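Using the sequences provided together with the hints, build the complete structure.
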Amino acid sequence: MNTSRFRIILYTLAAIISLAGLADATYLTVQALTGETLVCGGSPDCFRVLGSSYARLAGIPMAAFGTLAYFGVFSFATFAAFGYTRARAFLTLTVGTMFLVTLWLLYVQTFILHAFCRYCLFSAALVFGLSGIVVLAPSSRRSP
Amino acid sequence: MKRYLPFVITAAVALATLVSGAMLYRAKRLPALTIPENSAAPGAGGAESGHVRGRSDAPVTIIEFGDFQCPPCANLSEPINQLERDYRSRLRVVFRHFPLGNHLHAREAALASEAADLQGRFWEMHDLLYREQSVWSKAQDVRVLFNAYAGMLGLNIDRFKKDIESEQAKARVESDEQKAVALGVRTTPTIFINNHAVPAALLNPPGLRGSIDAALRAPTPVSSTQ
Chain S
1 MNTSRFRIIL
11 YTLAAIISLA
21 GLADATYLTV
31 QALTGETLVC
41 GGSPDCFRVL
51 GSSYARLAGI
61 PMAAFGTLAY
71 FGVFSFATFA
81 AFGYTRARAF
91 LTLTVGTMFL
101 VTLWLLYVQT
111 FILHAFCRYC
121 LFSAALVFGL
131 SGIVVLAPSS
141 RRSP
Chain F
1 MKRYLPFVIT
11 AAVALATLVS
21 GAMLYRAKRL
31 PALTIPENSA
41 APGAGGAESG
51 HVRGRSDAPV
61 TIIEFGDFQC
71 PPCANLSEPI
81 NQLERDYRSR
91 LRVVFRHFPL
101 GNHLHAREAA
111 LASEAADLQG
121 RFWEMHDLLY
131 REQSVWSKAQ
141 DVRVLFNAYA
151 GMLGLNIDRF
161 KKDIESEQAK
171 ARVESDEQKA
181 VALGVRTTPT
191 IFINNHAVPA
201 ALLNPPGLRG
211 SIDAALRAPT
221 PVSSTQ
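So the sequences go chain by chain: S and F. Note that the first sequence ends on residue 144 in the numbering used here; no numbers are left out. Note that the second sequence ends on residue 226 in the numbering used here; no numbers are left out.
Take these hints with a grain of salt, some might be off.
Facing chain F, from chain S, some residues (calculated, C-beta under 7 Å) [stated by the list, open to error]: (1) LEU38; (2) VAL39; (3) PHE74; (4) PHE82.
Pair ranges (Cβ atoms, derived) [stated by the list, open to error]: (5) F:ARG186 to S:ARG5: 46 to 56 Å; (6) S:ASP45 to F:VAL19: 29 to 39 Å; (7) F:GLU167 to S:ALA58: 33 to 43 Å; (8) S:SER4 to F:GLY210: 29 to 39 Å; (9) F:ALA32 to S:GLY59: 15 to 25 Å; (10) F:SER175 to S:LEU93: 55 to 65 Å; (11) S:TYR54 to F:ARG131: 38 to 48 Å; (12) S:ARG5 to F:GLY210: 56 to 66 Å; (13) S:SER131 to F:SER175: 50 to 60 Å.
Keep in mind that the hints were calculated from the coordinates and are not lab data. These figures come from a predicted structure and were not determined experimentally. Where a beta carbon is used, it is the ideal one built from N, C-alpha and C, also for glycine.
And the structure:
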């Protein structure tokens with residue numbers, strides 16, 4: 001398999017993974033906007049995480065930032081798969097930021113809230129997967 | 001064509017996300033519940049007396065459908081007590097049971113509060129159950145803890161043990177549940193202020209305070225029954 005083909009496969013995979021993250025983050029954003037995370041109906045752990053002050057930044061649900069980030073990853077991965085070299089740099093930057101934020105959120109869940117939200121863990125797994133792809137993807141010198 | 005393909009794909013995904021998000025929002029948005037004016041109707045929210053704190057002529061009445069094992073309910077318990085202290089005679093608080101099926105000990109806790117009520121200590125048990133929620137909600141045998149709480153409140157333990165099994169306590173809890181179902185209550189806490197449900201997004205101390213202030217500013221406060 002040549003490098004170009006390998007790169008296309010990796011970026012396509014990144015785009016597919018980010019779609020799963022986009023669906024997850026959109027769902028959590030809607031939950032936050034409808035106030036569903038503030039009432040009982042789900043698991044107590046879910047409330048402890050999604051109803052906590054850490055689930056919002058300046059009043060905006062963290063999930064909304066996640067939605068934007070996953071959409072950014074999808075867009076950059078798609079453009080990178082089509083050979084846009086600049087998109088790869090943006091993809092690396094976005095995924096790197098998401099990786100750091102994910103580490104922080106996992107720390108909060110583990111050591112501060114002592115509770116885990118399964119949607120957040122799913123998102124963390126996706127971000128780790130995306131990070132692996134970004135690290136594996138070979139660099140490209142071709143520009144469209 | 002290939003040049004434009006990534007733009008088309010990205011735009012399509014953006015559109016699909018917005019549309020599906022909007023559809024999900026509409027589906028998940030909790031309905032705006034109200035307690036009918038004619039609350040004497042069977043199954044209506046205010047037909048029979050709930051557990052009431054405050055003056056009957058208070059201009060604002062909060063009716064809470066709560067579950068003692070629900071963490072958001074516990075989080076709101078002390079803020080509601082604070083609101084009572086702040087608004088004094090202008091606020092009346094009514095509590096009704098809505099123990100959720102997915103909370104293992106919620107019904108038992110509701111019965112314990114009713115058993116305490118039979119000795120005139122409902123609100124003390126209400127506050128204690130919420131305060132100690134994280135302890136008893138994980139216990140294997142909650143009865144031991146509830147008996148200990150009854151002792152802490154100075155209740156007659158033998159009577160408490162008998163009352164928690166009584167038909168009277170069960171009937172009271174079931175009556176509240178029926179009222180909740182009749183009103184369309186699905187989650188806890190569901191809070192009505194002057195018979196209008198507070199949106200879930202406002203179920204926090206500032207949100208409740210704002211809703212009470214709005215109710216106080218309303219030109220003709222809706223008379224709210226217990």
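Status of the hints after comparison with the structure:
no.	hint	in the structure
1	LEU38	holds (5 Å)
2	VAL39	holds (4 Å)
3	PHE74	holds (6 Å)
4	PHE82	holds (5 Å)
5	F:ARG186 to S:ARG5: 46 to 56 Å	holds (52 Å)
6	S:ASP45 to F:VAL19: 29 to 39 Å	holds (31 Å)
7	F:GLU167 to S:ALA58: 33 to 43 Å	violated (53 Å)
8	S:SER4 to F:GLY210: 29 to 39 Å	violated (58 Å)
9	F:ALA32 to S:GLY59: 15 to 25 Å	holds (23 Å)
10	F:SER175 to S:LEU93: 55 to 65 Å	holds (59 Å)
11	S:TYR54 to F:ARG131: 38 to 48 Å	violated (23 Å)
12	S:ARG5 to F:GLY210: 56 to 66 Å	holds (59 Å)
13	S:SER131 to F:SER175: 50 to 60 Å	holds (55 Å)
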